[in-house]
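*Asks:* Residues per chain are reported as follows:
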Amino acid sequence: MHIEFSVNGERREVDLPPMTRLLDALREHLDLTGAKEGCGEGECGACSVILDGEVVCSCLVPVVQVAGASVRTVEGLARAGELDSIQASFLKHGAAQCGICTPGFLVAARDLLDRNPHPTPDQARDALAGNLCRCTGYQAIVDAVVHAEAVRE
Amino acid sequence: MKNIGIGVPRGDGVAKVTGKAIYVDDLHPDGCWHGATVRASCAHARIVKIERDPAFDWTDVVIVTARDIPGENVIALITDDQPCLADGVVRHVEEAVALVAAPERERALDAARHVRITYEPLPVLIDPEQSIGSPIRIYGENNVFKQITIRRGDPPTVGRVVRGVYHVGHQEQLYLEPQGMIASARTDAGLTLIGSLQCPYYVLKALKRLLGHDRVNVVQATTGGGFGGKEDYPSMIAAHAALLCLKAGRPVKMIYRRDEDIRATTKRHPARVSIESLVAPDGRLLSWKADILMDGGAYNTLSPVVISRGLLHATGPYACPHVELSGAVVATHSPPNGAFRGFGAPQTLFAAERHMDRIARELGRSPLEIRRLNLYRDGDVTVTGQTLYDVGGAAVLEEALAAAEAPLPAVAAQPGEGGASWRSGRGLALAFHGCGFTGNGEAWLKGKAALELRDSKLHILTGATEIGQGAETIFTQIVAEELGISLDRVEVARHDTAEVPDSGPTVASRTTMVVGAVVQETARRMRAALQAETGSTSRDFDTLLAARTVDSPLRTDHTYEPDPNLVWDEHRYSGDAYPTFGWSCGIVDLDVDEDTGVVRYRRFVSATDVGRAINPVLAIGQLEGGALQALGWATLEEVVRDDVGRVRSDRVTTYIIPTSVDSPQMVTRLVEIPYAGGPFGAKGIGEIPMDGPAAAVAAAIEEALGVVLDRLPMTPERVVAEMNVALSERSF
Ligand code: FES
Ligand code: FES
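Protein chains in written order, with my numbering: chain C, 15 to 167; chain U, 3 to 734.
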């Protein structure tokens with residue numbers, strides 16, 4: 015099936031069976047390997063992307079569902095070589111260790127910050143509850159999100 | 003110091019936050035096929051035959067069995083008991099019997115389901131308590147992988163007896179990136195393995211035996227967490243990928259699905275620890291006897307070293323004049339257990355800390371007072387006769403207590419929380435952890451590293467891997483500081499066994515402290531080599547570079563030199579068990595619902611003696627990440643198995659690890675009591691955060707509800723069950 019959609023502001027097209035997972039379409043057919051597979055069943059958030067302004071697990075989304083839609087992945091956060099404030103904040107606070115969960119967290123955090131640029135720690139924890147991290151203990155991630163705007167300033 | 007004690011951003015950070023870091027599953031070599039594993043369906047059986055389902059279309063599928071192994075059918079580690087593929091007999095339900103590869107992953111998984119194996123069942127032994135002396139023989143004469151006894155001092159004649167029995171369950175590492183490996187052919191008819199792993203030289207050693215030649219190299223891809231789980235198992239998956247690659251004549255990639263990864267790979271050893279102590283009326287320890295039983299599973303893997311470390315930590319961080327420790331790790335028909343952060347110590351330290359609480363309870367004294375009284379101090383002697391120096395026990399205790407005085411953060415109660423049935427509690431636990439390998443391990447390993455000067459950049463060559471902990475960043479900080487240059491002039495070379503020397507495995511809290519010291523010495527030698535070459539006596543690196551007349555590459559190598567003051571007798575288990583110890587104190591505040599047994603963490607305060615924090619941001623990251631793994635183990639993480647040892651909690655929905663809302667606010671203090679043998683005073687810190695928190699949680703629940711919990715994990719069901727027991731006892 016021929017499917018067109020926008021990825022990180024660019025028009026992309028794929029020819030794939032309609033039930034192909036969006037995660038596989040991105041990773042195997044569009045060469046965007048930033049989103050990761052941690053569980054394959056919507057529980058770890060490593061595959062998170064923003065689909066039309068909403069964070070989704072791309073391992074649960076059939077590619078047919080994104081026809082005409084707009085997808086944002088971790089590769090689309092930095093612009094013109096400049097890191098997004100949440101990326102810079104992750105570096106500063108040590109919020110990425112092994113890094114396998116990081117693309118998913120960044121996407122979910124970006125989505126939160128777009129709606130609420132100054133979240134409290136509890137709001138950050140709530141917004142990131144769909145993403146698992148086994149390395150950091152979350153405190154550094156929460157700090158990075160809460161202080162992301164300060165990093166920009 | 004310009005580069006030490008500073009939280010410089012990690013060197014691989016930009017790649018990781020932009021999605022550009024390449025993990026094994028991000029690689030797609032041309033023509034690559036996908037591999038899958040056919041696993042046993044019984045815990046112990048003779049293999050009668052292996053057949054292909056005639057109804058299945060086998061075009062484009064290759065199958066590998068033990069007969070296809072060119073060299074020895076063994077995954078070489080401490081002993082050679084574990085085969086790469088079962089040959090004749092299977093000894094646990096997840097044992098690999100055959101392998102298949104096909105052009106697509108789904109097709110490979112489908113083909114694996116159509117390999118028919120006929121078994122003749124044999125008697126099964128799952129309970130470790132039944133293992134020793136069982137007529138069902140799994141390993142050696144008596145099913146014991148390793149038994150150790152250590153004694154010190156004369157038994158006292160008086161004192162109050164306090165006895166307790168403590169149990170801990172399995173724990174799954176649950177690194178977020180499942181195990182994965184790609185094998186491809188080299189032009190010299192050899193193989194290259196690239197994958198997610200901690201110890202490239204372990205994989206290399208195993209592959210050489212399997213292939214029967216040494217035309218093989220192992221490359222580490224960016225690795226998405228390990229925690230010990232990628233210490234020995236990658237040798238298995240690499241061996242499987244290698245065999246499929248040989249048979250298919252093309253690259254083969256094996257990536258485990260999460261459920262397969264949870265079921266088949268190694269776990270923390272479950273343990274039973276029985277402690278009997280004698281105490282003076284004031285709470286001083288007079289005697290401490292501990293007996294430990296661990297379940298090793300069907301093969302030896304790293305079990306002998308796990309029981310050893312467990313035993314050496316079984317007194318807790320407390321001085322005692324008479325100690326008797328005995329421990330055994332035994333065989334069962336279960337998937338083998340292996341390395342997990344802490345490596346036996348979290349099991350025995352949980353028991354020791356719970357036992358200190360029991361002593362306090364029975365004597366009617368405060369747990370804090372009992373600990374202060376008995377805590378190791380400089381000059382105290384351990385069970386192996388090691389005199390302790392650089393002891394941070396008292397310092398971390400007081401630092402954590404001070405930090406915990408700050409008011410608790412207000413918590414936004416989750417739905418259903420904070421009602422009348424919720425109780426608050428605080429618990430404290432201490433830990434110590436031997437840094438580096440036990441005894442003569444480091445002397446025997448002889449970890450190597452090298453430094454190469456090329457195009458006025460310095461390249462660190464080491465087999466010690468970056469697995470998220472920040473090792474590469476720390477190595478560059480050490481070299482930059484030693485030579486007085488900026489960080490951007492130092493790089494860490496790719497971990498390819500064809501290029502980097504064997505620095506020993508990335509385990510045992512040894513990378514910064516032991517390998518870091520070797521790396522530091524390569525930098526010193528680089529300066530000396532430049533001085534010799536140029537005839538200059540300057541210590542300034544750039545002056546020396548400018549004085550060079552040739553621009554040829556320059557390399558310095560160094561091998562770990564054991565401290566001659568450390569003496570260890572392997573047979574008598576006496577002497578200096580570890581070069582030094584790290585020390586830690588954790589204090590947890592939690593709420594627990596007395597109706598449901600659900601625990602909600604509010605804050606976890608800790609203070610840890612790290613010797614010297616080369617990079618405080620990375621150090622705190624290790625301490626907080628490790629602490630949360632322990633808090634998860636305490637209340638959420640339960641490996642549920644059926645009666646043949648198959649793991650039923652094989653998904654992230656059934657094996658629950660903490661999310662951001664399950665986790666406490668973390669307050670992490672660093673205490674620095676330097677160890678002269680570590681680079682700039684650094685001690686190893688990778689494992690110590692795993693050691694204490696579970697016992698602190700048990701103490702906090704005890705304070706909140708008045709129930710004594712001596713078994714991990716303390717799931718809501720178990721908390722409620724213990725409360726019911728306590729209630730029924732009270733009503734008599
Ligand atoms: S891989 Fe999609 S949620 Fe885990
Ligand atoms: S950084 Fe490793 S899982 Fe989050």
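Since the hints were derived computationally from the structure, they do not count as laboratory data. It should be emphasised that the depicted structure is a prediction, and the values quoted were computed from it without experimental measurement. Treat the hints with caution; some may be incorrect.
Stated by the list, open to error - Distance condition first, Cα-Cα at most 27 Å in a straight line; then the derived BS3-like pairs of lysine-lysine:
| # | chain 1 | residue 1 | chain 2 | residue 2 |
| --- | --- | --- | --- | --- |
| 1 | U | K459 | C | K106 |
| 2 | U | K459 | U | K22 |
| 3 | U | K148 | U | K459 |
| 4 | U | K4 | C | K106 |
| 5 | C | K106 | U | K22 |
| 6 | U | K22 | U | K210 |
| 7 | U | K291 | U | K148 |
| 8 | U | K291 | U | K51 |
| 9 | U | K210 | U | K459 |
*Asks:* Does each hint hold? Answer for all of them.
*Replies:* Hint check results:
For a cut-off of 27 Å, the pair hint linking U/K459 to C/K106 stands: about 25 Å separates their Cα positions. A threshold of 27 Å between alpha carbons decides the hint, and for U/K459 with U/K22 the separation of about 23 Å falls inside it, so the pair holds. Simply put, U/K148 and U/K459 have alpha-carbon atoms about 48 Å apart, too far for the 27 Å limit, and the pair is violated. Distance hint between U/K4 and C/K106 is fulfilled; the C-alpha atoms sit about 18 Å from each other, no more than 27 Å.
With a C-alpha separation of about 18 Å, the suggested pairing of C/K106 with U/K22 holds against the 27 Å cut-off. With a CA separation close to 32 Å, the supplied pair U/K22 and U/K210 exceeds the 27 Å bound. At most 27 Å may separate the alpha-carbon atoms for a hinted pair to count; U/K291 and U/K148 meet this at roughly 19 Å. A distance of roughly 50 Å separates the Cα atoms of U/K291 and U/K51; the hinted pair therefore is violated under the 27 Å criterion.
A distance of roughly 34 Å separates the Cα atoms of U/K210 and U/K459; the hinted pair therefore is violated under the 27 Å criterion.
In this structure, the earlier hints numbered 3, 6, 8 and 9 are contradicted, and the remaining ones agree with it.
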